[in-house]
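*Asks:* The lines below spell out each chain.
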Amino acid sequence: MATVQSGRVVLFGAGGPVGAAAITALKDQYELRVTDYRPMAEIASEPSPQGPRRPVPELLGSPHENRVVDVFNWEQVRSACEGMDAVINLSVLRSDLIPAFRVSAVGAYNIAMAAADCGIKRLIHTGPFHTSLGHDADYHNDFQVSEDIPLHPGDNLYALSKYVGGEWTKAIAERRGLEVLTFLYCDFLTRTVYDDQIGHGVGPFSVSIEDAGEAFLYGLRAPTMPSPYEVFFINAPTPDQKYPPKKAKELLGWEAKDQFGQLYRKT
Amino acid sequence: MKILVTGADSPSGELLAAELGKNHEVLAVGCAAGGTQIPVDLGDPDRVASHLIGVGAVVHAVPLAMRTGKGDQADQHLLDDVTRGTYVLTTEAAHAGVPRLVLISRLDLFADYPEEFLISTDWRPVPRPEPESLAMYSAELVCREVARAGLIEVTCLRFAELGQKNGTTLADAVAAIEYALEKPAVEHGHHWVLRHVASGGRFAYGSWQPPAKEKV
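Those sequence lines, one after another, are chains U and A. Position one of the first sequence corresponds to residue 1 (the working numbering), numbered consecutively onward. Position one of the second sequence corresponds to residue 1 (the working numbering), numbered consecutively onward.
Isolated chain A (complex conformation) (with noise of 0.2 Å):
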C-alpha cells in the first residue's frame, strides 16, 4: 500500500516513516526541505491533493513532531498550521477517495489528570492552555468531526513518549499503525476509532494491545 506520511521532518516522524517503509511504499512529507521528506504546506488544498494520488492511507503524525517556533506570532502559527493542516488534509484525503487516516496524538493531553486514575479512551482529553497541547487536542477534533460525518475512517492512536520503556516502544507505535492500516476502522459503525498505545509507564492501563493471533 502507497502511505503518505506527515510530520516526517521530525526525529519521531522520520523514524516511523522508515519503519513503515519495510512493508510499504511510503511518501514521507514534512514542513521543511532534507532528509527524504518532500516539503509539503499542508495548508495548501492543491499541493495536498496531489500528493494524494495513489494514496491507500495516511499517517497524520504532524502531532507528534510539532514544535513552537521562536519570534512573534511564533504560537498564532503553531496552531494555525496543525489546525488548518488537519483539515486540508483530512478534507483533501476524503475527496481523493482515500478510505482510512491513522493520526498519532498524544497521552499528554491526561497528563493533568492524577496519576492514580487508570485513564482509558473514554475519557475527556484536558489539554493545558498551552499552543502545542491545543493544537494537538485540534487536530483530533478536526478529524473527529470529519469522520463523524462518514467522509473517511479515522483511527487515532495517543502515543505515550515515543521509543520509551515507559512510554511508547517504537515496535508497539509501529504494531499499532500497521493494525489501524490493515484492519478496517469503522467498529460498531463509527468512522472515529480510539486507541492508547502505552508500553508502559502511568498511561499503560487499558492500553491497546495486537490481538495474539493477529499481531503483525
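Just chain U, same shape as in the assembly (with noise of 0.2 Å):
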C-alpha cells in the first residue's frame, strides 16, 4: 500500500515558492525532511527572487530537519531518502545547461532510483506543462487535453531537461516497485487577488501557490493508483476547456479551492 497517511516525508528543492506552500500544507501532518542546494535557514532569510508575491519557506525546527542536499550528488540523496515514508521531488534548474540537466534530469534519476532502493513506495515528482513552446507539436491550439497525453517539450532547455527527468522517473517506477505521482504546474498565482489582476483574465493552466501546496496532501494519502506512474494537472478548472484537472480529482480527491472567478469575468 503506497498511501501515506503520517509519517516522515523528504523534500527535495524545497527553498521555492512550492516547496513553501508543500511546507505550509504538510508541516503539521507529517515529520519533514526539508532539503534544498542552499541552506534552508539561509533561503528563509532572503525574500523570494520570484517577486514579493510568491511565498518563502519558513524555516522548521525540530522535530522537523533542514538539510542542504544537491541532487545530482547519489550519496547524499540516497542518504536524505533514508527512514523516510515518501518522497516528494521538487528540484529543478530552468534557464543553465550544465544545471538544467543535472537538476531536472539526474537529480529526477537520483531521486527516483534512491526510493526505490530505500523501499519508499510514493514519490510525488513535478514538473512543468508549458502551454506554448512556440512549435506545432505543442498544445497551444489544442482544448480538452487530458493529464495522460505525452509532453512534446521540443527543444526548449527546462521542457526538455524536465521531460527527460520525467521519463527516467517513469521507467524507475515501472521496474522498481515505485508509484509516482506526477504533479504538471504552469502558471502560479496567489490565493490573494490584488485590484490590478481583476478583470485581466486568466491563463488556461493556473492554479494558486495554496492550492498547489496542498494537493502534496492529497497525493501522500491517496489510494494505490491505477498504474507505477500517474500525471496529474495541477490547475483550477477555469470555464475555458483547455486543460481541465479531471484525475486530481478522480484520483486524489483534489480540487482547487481558488477558481478564479474575478479575474476571467468582466468586472
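None of these hints come from the bench; they were simulated from the model. All figures in this text were calculated on a predicted structure; none of them were measured in a lab. Backbone N, C-alpha and C fix where the C-beta goes; we use that ideal spot for every residue, glycine too. One or more of the hints may lead you astray.
Unchecked claim - Partner residues are not named here, just some residues of chain A that face chain U (Cβ under 8 Å, in silico): (1) Q73; (2) Q76; (3) Y87; (4) P129; (5) S138.
Dock chain to chain to rebuild the complex, using the hints, since each chain is given by itself in its own frame.
*Replies:* Right under this line is the structure:
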C-alpha cells in the first residue's frame, strides 16, 4: 500500500515557492526532512527571488529537519531518503545548460532510484506543463487536453530536461515497485487576488500557490494508483476547457479552492 | 559530404567512422584523445559548434559507444554526458543548418519483451532502470523531440550487437547509415524516422532492408 497517512516525508528542492506552500500544507501532518541546494536558513531569511507575491519557505524546527542536498550527488540523495515513508521532488533548474540536466534530469534519476533502494513506495514528482513552446507539436491550439498525453518539449531546455527526468522516473517506477504521482504546473497565482489582476483574465493552466501546496497532502494520502506512474494537472478548473484537471479530482480527491472567477469575469 | 561522427573513441564507433570514411570526408570525434579522432566535449556548445562548420550530416554514435566509468558519480556522469551531449549536438547542428542527423541506438531497449514477440518500430521501448539503458533511451528522446519541433531531420537506427551475424553486421550497419544520409529523412511529413537494423537473431523480423534497386 503506497498511501502515506502519516510519517516522515523528504522534500527535495524545497527552497522555492512550491516548496514553501508544500511545507505549510504538510508540516502539521508529517515529520519533514526539508532539503535544498542552499541552506534553508539562508533561503528563509531572504525575499523570494521570484518576486514579493511569492512565498518564502518557513524555517522549521524539531521534529522536522533541514538539510543541504545537491540532487546530482547520489550519496546525499540516498542518505536523505533513508528512514522516509514518502518523497517529494520539487527540484528544478531551468535556464542554465549544465545544472538543467544535472538537477532536472539526473536529479530525478537519483531521487527515484534512492526511493526505490530505500523501499519507499510513494514519490510525488513535479514538472512543468508548457502550454506554448513555439512549435506546431505543442498543445497551444488544443482544447480538452487530458493528463495522459505525452509531453512534446521540443528543444526548450527547461521543458526537455524535466521531460527526460520524468521519463527516467517513469522507467524506474515501472520496474522497481515505486508508485509515482507526477504533478504538472504552468502558471502560479496566489490565494489573495490583487486589484491590478481583477478583470485581466487568467491563463488556462493556473493554480494558486496555496492550492498547489495542499495538493501534496492529497497526493500522499490518495489510495493506490491504477498504474505505477500517473500524471496530474494541478490547476484550477477554469471554464475555457483547455486543460481540465479531471484526474486530480478522480484519483486524489483534490480540486483547487481558488478558481479565479474575479479574474476571468468582466468587472 | 563532410560527416561528423561521434563516439569514434570506441571500437564500434571507430569501425563505423573508418567505413564511412571510404565514401565521405569524416570528422571523427570522441570523448578521449587517441587514434585518429579529435577529443570533443559534446556538452560544450562552443566547441561543438566549431566542429560543425561545413558539415553536411552528423552520425551520432555515442549511445553505441557509451560505457559506465568507475568511481563516485560514474552513473550520474554517464547520464549527464550522454543526455546533455546529445542535446547540445542536436541543437547546435540545427542552429548551424546541418539538415540531417543519424542517431545510432540499440535494440537492447526491447530486450525485456518476451522473445516470441515480433518487435517492430511500433513498439514502445522498455529501458531498464540502469544508467546505460536510460542514457540510450534519453538520447532517443532528446533527438526525437528536437526533430519533432521541425528543427532538424533525424533518422534513428537501432542496431543489435554490432559485427555479429545474429546481431547487426558491419555491412548492414554501414548500408543503413549510408541510406539514411542519402535519402531525405522526412517521411510522411515527420522529421523523426525510426529503423530497426538487425541482420539476424531475435530482432531480425521486420528489420529494415535497403531497397534492392537502391542498394548502396
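*Asks:* Evaluate each hint against the coordinates.
*Replies:* Cross-check of the supplied hints:
no., hint, verdict
1, Q73, "6 Å, holds"
2, Q76, "5 Å, holds"
3, Y87, "7 Å, holds"
4, P129, "4 Å, holds"
5, S138, "5 Å, holds"
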